Amino acid sequence: MEKITVLGAGSWGTALAMVLANNNHDCLLWSHREDQAIEIDIDHTNKRYLPNIVLPSNLNATSDFERAIDHATTIILAVPTKAIREVCQQMRALLKEKKLFVHVSKGIEPNSLKRISEMIEEELPSNLVEAIVVLSGPSHAEEVVLHHPTTITAASEKLEAAKKVQDLFMNNSFRVYTNDDVIGVEIGAALKNVIGLAAGIVDGLGYGDNAKAALITRGLAEISRLGISLGAKAYTFSGLTGMGDLIATCTSVHSRNWKAGNLLGKGATLKNVLDEVGMVVEGVRTTQAAYQLAQKQQVSMPITEALYSVLFEHVNPKEAVDILMIRTKKHELEDYKTF
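Okay, so the sequence shown: first residue is 1051 according to our numbering, each after it adds one.
Careful: at least some of the hints might be erroneous.
Said to hold, decoys possible - Quick list of the computed label-pair ranges, beta carbon to beta carbon:
#, residue 1, residue 2, range
1, Ile-1376, Gln-1342, 22 to 28 Å
2, Gln-1348, Lys-1132, 23 to 29 Å
3, Thr-1301, Asn-1221, 21 to 27 Å
4, Lys-1146, Leu-1320, 41 to 47 Å
5, Lys-1380, Asn-1108, 52 to 58 Å
6, Lys-1316, Asp-1114, 39 to 45 Å
7, Thr-1095, Gln-1342, 36 to 42 Å
8, Glu-1210, Ala-1264, 38 to 44 Å
It is worth saying that the hints were derived from the structure and are not from the lab.
Because the structure is a prediction, the values reported are computed rather than measured.
Quick reminder that beta carbons are idealized off the backbone N, C-alpha and C, glycines included.
Go ahead and model the full structure; you've got the sequences and the hints to work with.
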């Protein structure tokens, strides 16, 4: 039995805490809202994020950040990408011994263009970090809490740390693979949200399977090109955190990014979309970062560019699709020749 803290009581953080509690670990779930922590701790529910789900009786919750940090030898960071630095900065003064850190968020920081593991490395003292592990893959919280079969990847430069996380989470409905390609896993995880937004727009515009298949295929090509330019391994993008996560995000009504894109395709404004979804839509912020990163790396990412124009330059979604379709003729594998 391990002592584990999950920081972030949204749908995904709660679902992962539930897996750990079901595996008989001593798991403490931290929420920044006291009322939510009390609900989880006393009523064993988290109705805002996971309605109709009863949480394990051995899953405890708190809004006391210091207690949450002191509790664990392993800390799971399940907060939005934009909150990673702030949470790590708060944690830094409270760390007294070396701990294992696992992050489950999916994004890239705009302007700095840092991946999440890089942000954590910058904010936490290296002598108190046993290792950083990325836990990612096609995994909707709504299905995990129902014990539907789910497979994901634990990635770390220290493979023994990835194996430890694999052992923490593995059970008969939650299968974990290991990987040492942290760059590939993080890039795939982040950019699938960009393509998921675009897929929602395609559905919102009323286009069919032809358009969706093309978008997913060419979206994966974009993700792979950017990842490889940054040092990722090509085969990672055909795995769970590449193709797998992309399929789930682009085709599921559980996906916040797909839902946001769908509303945009139907004519809603970005502000109204974010208000209606009511939870963090990581793909919006990541689109900005991916657009900047593509320019820095000089990598062709036309779908990302088109989505950026819709989100930040007020281009009509249908017009953005039309621009994509009339681009200069190309060989299908032309952009791979430099890699």
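Outcome of the hint check:
| no. | hint | result |
| --- | --- | --- |
| 1 | Ile-1376 x Gln-1342: 22 to 28 Å | holds (25 Å) |
| 2 | Gln-1348 x Lys-1132: 23 to 29 Å | holds (27 Å) |
| 3 | Thr-1301 x Asn-1221: 21 to 27 Å | holds (26 Å) |
| 4 | Lys-1146 x Leu-1320: 41 to 47 Å | holds (43 Å) |
| 5 | Lys-1380 x Asn-1108: 52 to 58 Å | holds (56 Å) |
| 6 | Lys-1316 x Asp-1114: 39 to 45 Å | holds (43 Å) |
| 7 | Thr-1095 x Gln-1342: 36 to 42 Å | holds (40 Å) |
| 8 | Glu-1210 x Ala-1264: 38 to 44 Å | holds (41 Å) |
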